[in-house]
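Enquirer: Sequence:
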Amino acid sequence: MNSRKVVNMFFKTLFVGGIVGLITSFFVKGQEYLNFINPFNGLELLGVFLFFTGYALVFTVVSQTGFFAYLFIHRFGQNFFRSFWPTVQVLLVAFALFDLIYFSSKEISLLFKIMMTAFILIYGLIIARIKVKQTNKTAFIPALFLMVVVSALQLSLVLRAGDVSFIILMLMPLLAANAYQLLILHEVTKVDEEHKRRIEERRKQRLEQQKRKRMEKVKKTSDAKS
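Residue numbers (the working numbering): 35 to 260.
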């Protein structure tokens, strides 16, 4: 993974999250737009447009922060729990699903909490399945862990508030950004042939420099003795 690929992934993820969040706002907060369409008020309409775009971008950045934290947690879990790490992840997934229903704000209806939890689980299973097809079978549980546990932790920012519309406005860009980052991760971390060639050339140059230095040192030693 090099800096160019990371920056490229960052901005592409921002774009995905921003677009998904903006489209979601048309359905969830459609009245906010209609208020300034009839009668038409371009400046106010632009303000609403920018507000919901910015809202989506904020939670896309939250998604990106959580994603990189997940990469660290996953590596730590592998080293600490070793062969038990998949089991631990499954248990955490189950707890996160329970948490989404039980510990969310009491102002949110039970039906909405169940539907939201089911949606996150089904969406996570679909994304995990796609990840398996892209890579291998061992990717299923880590992918599901990211899509459920990490998403649930990120959603906790709004779940305590009890505003269903803003929960949806956060949920959609968050899931879209998490899924996008997960599905392109193997492409970002893959070392392309051109990059390999440059690394090999730099390695050869270092070896040549070390060899010349050793030869110069030997020559100086020989001259000093003579």
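Please keep in mind that the hints were generated in silico from the structure rather than gathered at the bench.
Be a bit skeptical, because a hint or two may be false.
To be verified - No more than 25 Å apart at the CA atoms, straight line, and that leaves these computed lysine to aspartate or glutamate pairs for DMTMM-like:
{"id": "1", "residue 1": "Lys46", "residue 2": "Glu221"}
{"id": "2", "residue 1": "Lys140", "residue 2": "Asp197"}
{"id": "3", "residue 1": "Lys147", "residue 2": "Asp133"}
{"id": "4", "residue 1": "Lys63", "residue 2": "Glu141"}
{"id": "5", "residue 1": "Lys224", "residue 2": "Glu234"}
{"id": "6", "residue 1": "Lys167", "residue 2": "Asp133"}
{"id": "7", "residue 1": "Lys238", "residue 2": "Glu250"}
{"id": "8", "residue 1": "Lys63", "residue 2": "Glu78"}
{"id": "9", "residue 1": "Lys39", "residue 2": "Asp197"}
{"id": "10", "residue 1": "Lys39", "residue 2": "Glu235"}
Enquirer: Hint by hint, say whether it matches the structure.
Expert: Structure-based check of all given hints:
Distance restraint check for lysine 46 and glutamate 221: the Cα-Cα separation of roughly 13 Å lies within the 25 Å cut-off, and the hinted pair is therefore satisfied. With a C-alpha separation of about 11 Å, the suggested pair lysine 140 and aspartate 197 falls inside the 25 Å cut-off, and the hint holds. The hinted pair formed by lysine 147 and aspartate 133 meets the criterion: a straight-line CA distance of about 10 Å does not exceed 25 Å. About 19 Å separates the Cα atoms of lysine 63 and glutamate 141, which keeps this hinted pair within 25 Å; it holds.
Pair hint lysine 224 plus glutamate 234 holds up; C-alpha atoms about 16 Å apart against a cutoff of 25 Å. Note on lysine 167 and aspartate 133: the hinted pairing is violated, with a Cα-Cα distance of about 30 Å set against a maximum of 25 Å. Distance restraint check for lysine 238 and glutamate 250: the Cα-Cα separation of roughly 18 Å lies within the 25 Å cut-off, and the hinted pair is therefore satisfied. For a cut-off of 25 Å, the pair hint linking lysine 63 to glutamate 78 stands: about 15 Å separates their Cα positions.
The straight-line distance between the Cα atoms of lysine 39 and aspartate 197 is roughly 37 Å, outside the 25 Å bound, and the hint therefore fails. Among the hinted pairs, lysine 39 with glutamate 235 is consistent with the structure: their alpha-carbon atoms are about 21 Å apart, no more than 25 Å.
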